[in-house]
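Novice: Letter by letter, the chains look like this.
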Amino acid sequence: MPDDASPGVPPDVADANADVDWRRVVDASTRWPVIAFVVSATAWLVIGSLLALIASFKFQFPDWWTHQAWLTFGRVRPAHLNTMIYGWISMAGVGVSAWLWARLLKTRLQGRWMLLLSAALWNLGVLVGTIGILAGYSRAIEWVEMPYVAFAFIVPAMLLVVASFIQTLWQRHARHLYISVWYLGAAILWGPLLVIAILLPIYSGIPEATANWWYAHNILGLWITPPGLAAAYYFIPKVIGRPVHSYHLSYLGFWTLALFYNWAGVHHLVGGPVPQWVATVSIVFSAMMIIPVIVVAVNHHLTVVGHFEKLKYSPTLRFVVFGAMSYTAVSLQGSLQSFRYWQEVTHFTHYTIAHSHLGVYAFATMIAFGAIYYIMPRVTEWEWGSKRLVSLHFWTTGLGIGAYFTALTIGGVIQGFQMLNPDVAFLDIVDDTKPWLIVRSVSGTLMTIGHLVFAYLLVQIVLKRGERPEGPTYFHPVPEGTFAHVGGDGSRSVRTPSADQDG
Amino acid sequence: MTRIALIFLGAFAAIAMSFTALALLPRMQLSTIEPTPGTTDYTYDEQLGREVYLREGCIYCHSQQVRPEGFGADIRRGWGGRGSRPGDYVFDETHQLGTMRTGPDLHDIASRQPSRDWHLAHLYQPRSVSPGSVMPAYPYLFEVKKKSNVMASEVTVPLSPEYAPPGDSVVVATEEALALYDYLMTLELEPLNDGGAQDAAN
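Keeping their order, the protein sequence lines are chains D and E. For the first sequence, the residue numbers in numbering that gives the first Met the number 0 are 0 to 502. For the second sequence, the residue numbers in numbering that gives the first Met the number 0 are 0 to 201.
For reference, chain D alone in the conformation it holds in the complex:
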């Protein structure tokens, strides 16, 4: 295994100071693009959370805010989805990816103006799209609701990211390409291709439905998932301080994901009026997804084994490991629920909503939080303001998504079995889902509190408010030497006198 095969192993440099130096230079080159994307993403996270709460509480109070057309459930719900997918997790993904890309290629980020322009266009696109949906211009295609004009901003924004990334890749100093680079490189190819493909004006009727679910599932699997896995592959070994369990397995994991995932989406139409072979193909590939999932699970979890005590201290590790475990769970669940028997029960129920939140939230969002906790101190050269608030963020979001998932899964399965029994009146089914939907509103409120705390911490660190805290932010005092491998601490490069001079 080459020396730099894993970020947990120091690269081949003469002395520790030089090592710290190149990292500081590379980190500094990502400063404004990362801040622009992460701050924008977090703004969309807060907006998306408020839209989610309005949508959720409407089930408890269906006659609340009914005179305002723009606040009706059928508009607020897609507005929530689109702000979260295209605003929060896409922009957070680009921010985290930009930092990882420069670090792993050991190269200053190139085309920074393109990334700043991209962030501006991206925000405009999501803003226009969200207002469009609320104002009644939804395209009513799930996951592509924003009107065309929004994508006239978002597609160029994505292409600018591609241009900057390719330029950086071209000028890279690293010889070896770590597995995270593979995932990120593939994602920046897949993302724009997917969006352009679904915007082609060639679909209608049933073929539009298959294209729709090919797209929606792939945006999740080929655009949102890869940065999440890339971050997990980087941060778990990095913070723990040991190489990833098996480097060969990670190649297998990458190629099986690339080959299998993109066939799986049409399982959303099992039992529907689509050609039988389309659904069957999707079920087969959904089942085959077990391979990349097990591979990634082995690699991530066996890297952590024996180091669980470090979860107690490092916010980054705690969020990222939570996310990696959720990835295993959501993917195995996804493979199982594509089977006809289970589809027959769970399709069209709240179970599916629980599943999608396990993916986008418990996996991708939690990993994004963990990555941002690691990255921001390095690009701002400041520290997180309060370990108590970081802890509050972790517990509100962790318990929130836990309760959310549990409630909608149970409620959804009950709903599914009741719908299969024609003797249960439909309004009785509606009645029986109500308690679970109350849990959803409560857990959504909990998560939103966490997001507000996170947004507050982010503003504090970007504006460098207050006294510069001594050392990195840990949940508890760390025993000597626990994170010595990351330059003395697990959360920030050490400030050495020589590094300060060229800063």
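Treat the hints with caution; some may be incorrect.
Stated by the list, open to error - Sample of chain E residues with no beta-carbon within 10 Å of chain D, all distances over it, derived:
| id | residue |
| --- | --- |
| 1 | D44 |
| 2 | R100 |
| 3 | G102 |
| 4 | Q112 |
| 5 | A151 |
| 6 | S168 |
To be verified - Derived list of chain E stretches under chain D, where covered just means 3 residues or more per stretch with a C-beta under 8 Å from a C-beta of chain D:
| id | stretch |
| --- | --- |
| 7 | 33 to 43 |
| 8 | 76 to 89 |
| 9 | 125 to 133 |
| 10 | 137 to 145 |
| 11 | 152 to 163 |
| 12 | 175 to 185 |
Everything labelled a hint here was simulated from the structure, so no lab data went into it. Just so you know, even glycine gets a beta-carbon here, dropped at the ideal spot from N, CA and C.
Chain E: place on chain D using the hints.
Specialist: Showing chain E alone in chain D's frame:
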């Protein structure tokens, strides 16, 4: 360099194959499909109503696909006499198959509930005809006006006293509400001559 080329080419080939198979092939396979009996292109009013349906996001709670006998209880629930077929959708520029049934499937709603009075009352205030429903009310598709100001051409919505406006006011349907009703009445699954034998194998 070769490794980078391998990653990008491999990633591109993977997505190009599935796009061809899942997005383009069904389009070619179904390009010559005939509309099922009773499926006709939308009139102006029906299309207007369909746009209201899209705009208000009905799809997030109502599917438009009846599953065939043997898969789910859709037919036994009375949601349609047969499973939905690709030919039912040939005039749907934007598909509304849906993935959620917080409310019942609507692909055969016209057979199940043809009453205009019921639908208008239900859209104005769902709980006036379906107690316990969690469906949003759409008062902005209606106008409340004095009985004396109602013109002969306008459609008044009959409501139970509990939900009716006070005094001598009445609820009148707007053009959009009537168009939405017209669209809902296009959602009807007529029986097929082959007796539904191909439901499972379409």
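Novice: So, for every hint listed, does it hold in this structure?
Specialist: Now for the hints, and whether the structure bears them out:
1. The beta carbon of D44 (chain E) is kept farther than 10 Å from every beta carbon of chain D, the shortest such distance being approximately 18 Å.
2. Not every beta carbon of chain D lies more than 10 Å from that of R100 (chain E), the smallest distance being close to 4 Å; the non-interface claim is violated.
3. Consistency note on G102 (chain E): stated as away from chain D, yet its beta-carbon is not over 10 Å from all of that chain's, at 8 Å minimum.
4. Its beta-carbon lying about 12 Å from the closest one in chain D, Q112 (chain E) satisfies the requirement of being farther than 10 Å from that chain.
5. Non-interface status of A151 (chain E) relative to chain D is upheld: no Cβ of that chain comes within 10 Å, the nearest being about 28 Å off.
6. The beta carbon of S168 (chain E) is kept farther than 10 Å from every beta carbon of chain D, the shortest such distance being approximately 16 Å.
7. Here's how the stretch 33 to 43 of chain E fares: 0 of its residues keep a CB closer than 8 Å to some CB of chain D, so the rule of at least three is not met and the hint is violated.
8. As drawn, the stretch 76 to 89 of chain E meets chain D at 9 residues by the rule of a beta-carbon pair under 8 Å; at three or more, the given contact holds.
9. Note: the stretch 125 to 133 of chain E has 7 residues with beta-carbon separation from chain D under 8 Å; the three-residue rule is met and the coverage holds.
10. For the stretch 137 to 145 of chain E, the assignment as covered by chain D holds, since 3 residues bring a beta-carbon within under 8 Å of that chain's beta-carbons and 3 suffice.
11. Residues of the stretch 152 to 163 of chain E with a Cβ under 8 Å from some Cβ of chain D number 0, which does not satisfy the need for three, so the listed coverage is violated.
12. With 0 residues carrying a beta carbon less than 8 Å from a beta carbon of chain D, the stretch 175 to 185 of chain E misses the three-residue requirement, and the given coverage is violated.
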